[in-house]
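Participant: Here's the letter readout for the chains.
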Amino acid sequence: DAKTTQPTSMDCAEGRAANLPCNHSTISGNEYVYWYRQIHSQGPQYIIHGLKNNETNEMASLIITEDRKSSTLILPHATLRDTAVYYCIVTAGGTSYGKLTFGQGTILTVHP
Amino acid sequence: NAGVTQTPKFRILKIGQSMTLQCTQDMNHNYMYWYRQDPGMGLKLIYYSVGAGITDKGEVPNGYNVSRSTTEDFPLRLELAAPSQTSVYFCASSLITGELFFGEGSRLTVL
Numbered sequence: 001d002a003k004t005t006q007p008t009s010m011d012c013a014e015g016r017a018a019n020l021p022c023n024h025s026t027i028s029g030n031e032y033v034y035w036y037r038q039i040h041s042q043g044p045q046y047i048i049h050g051l052k053n054n055e056t057n058e059m060a061s062l063i064i065t066e067d068r069k070s071s072t073l074i075l076p077h078a079t080l081r082d083t084a085v086y087y088c089i090v091t092a093g094g095t096s097y098g099k100l101t102f103g104q105g106t107i108l109t110v111h112p
Numbered sequence: 001n002a003g004v005t006q007t008p009k010f011r012i013l014k015i016g017q018s019m020t021l022q023c024t025q026d027m028n029h030n031y032m033y034w035y036r037q038d039p040g041m042g043l044k045l046i047y048y049s050v051g052a053g054i055t056d057k058g059e060v061p062n063g064y065n066v067s068r069s070t071t072e073d074f075p076l077r078l079e080l081a082a083p084s085q086t087s088v089y090f091c092a093s094s095l096i097t098g099e100l101f102f103g104e105g106s107r108l109t110v111l
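So the protein lines, in turn, are chains A and B. Read left to right, the first sequence gives residues 1 to 112 (this note's numbering). Read left to right, the second sequence gives residues 1 to 111 (this note's numbering).
Just so you know, these hints were derived from the structure itself, not from any lab. Glycine included, C-beta positions come from ideal geometry on N, C-alpha and C. Hints may contain errors.
Below, computed lysine-lysine pairings styled on DSS-like, alpha-carbon distance capped at 27 Å [what the hints assert, rightly or not]:
(1) B:K44 x B:K9
(2) B:K44 x A:K3
(3) A:K3 x B:K57
Using C-beta positions, here's what the derived DEER-type ranges look like [claimed, not checked]:
(4) A:M10 x B:T70: 35 to 45 Å
(5) A:I39 x B:A52: 26 to 36 Å
(6) B:G51 x A:N30: 12 to 22 Å
(7) A:E14 x B:T70: 37 to 47 Å
(8) A:H40 x B:E59: 20 to 30 Å
(9) B:S18 x A:G15: 43 to 53 Å
(10) B:K9 x A:S25: 38 to 48 Å
(11) A:P21 x B:K44: 22 to 32 Å
(12) A:G103 x B:K57: 14 to 24 Å
Work out the full structure, taking the sequences as your base and the hints as a guide.
Facilitator: Next up, the structure:
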């Protein structure tokens, strides 16, 4: 699986958009980008994933650059409850298996 | 639909003791995983399984063993517990690779 690079920490004001970047310059053609978050000491929670098109669901939007070497997770209207560690993972999708590995992630702090 | 259930939630072990962390999922997922998370760190993959009877090592398998006799269960065995195994252990399952459902975690302290 391709390696990812994320900033260690970010801040965001409540009600504003939070844009979390992820670099995955060694991504290969069959690999998906997945985002998870971990609130305090709970188990990580799946947010969204994509291959090359931008994706949106009720939680967030995922923007993947045309060359697929980086992506941005967007929380459109951040709330205090969005304070968490956000992980970007790249892995082969579908039925092919891979060793899913989580890096250090980005600590997002949402301020009132 | 309970999702992924881990037991116990908390446990204190003495050095050299053994124990099994239980993990059960009721979603008929083929893939199951065990991760550990040390304080302030990211998750490290211990073992994973792509189906009953098939297991493979992750990043940090030493000191642990797993088995997968059924689709539902994926127990993690700690033999000869050491202080370095003090951690929070998370079990997860998925139908397809990448979209994981996690349990609430098992907090283990080895003294």
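Participant: Indicate, hint by hint, whether the structure satisfies it.
Facilitator: These are the hints, each one checked on the structure:
For the suggested pair K44 of chain B and K9 of chain B, the alpha carbons sit about 19 Å apart, so the restraint of at most 27 Å is met. A hinted pair counts as satisfied when its Cα atoms are at most 27 Å apart, and K44 of chain B with K3 of chain A qualifies at roughly 14 Å. Using a Cα cut-off of 27 Å, the hinted pair K3 of chain A and K57 of chain B holds, with the two alpha carbons roughly 19 Å apart. Remark: the range hint 35 to 45 Å for M10 of chain A to T70 of chain B is upheld by a beta-carbon distance near 42 Å.
Under the hint 26 to 36 Å, the C-beta atoms of I39 of chain A and A52 of chain B, about 32 Å apart, fit the expected range. Restraint check, G51 of chain B to N30 of chain A: a C-beta distance of roughly 21 Å satisfies the suggested window 12 to 22 Å. Between E14 of chain A and T70 of chain B, the C-beta spacing of about 46 Å keeps the proposed range 37 to 47 Å intact. At about 24 Å, the CB distance of H40 of chain A to E59 of chain B agrees with the hint of 20 to 30 Å.
Taking the beta carbon of each, S18 of chain B and G15 of chain A are about 51 Å apart, inside 43 to 53 Å as hinted. For K9 of chain B paired with S25 of chain A, a C-beta distance near 40 Å keeps the hint of 38 to 48 Å intact. Here the CB-CB span from P21 of chain A to K44 of chain B is close to 24 Å, well matched to the stated 22 to 32 Å. Between G103 of chain A and K57 of chain B the CB atoms are about 19 Å apart, so this pair conforms to the stated range of 14 to 24 Å.
Consistency with the previously given hints is maintained throughout, with no hint failing.
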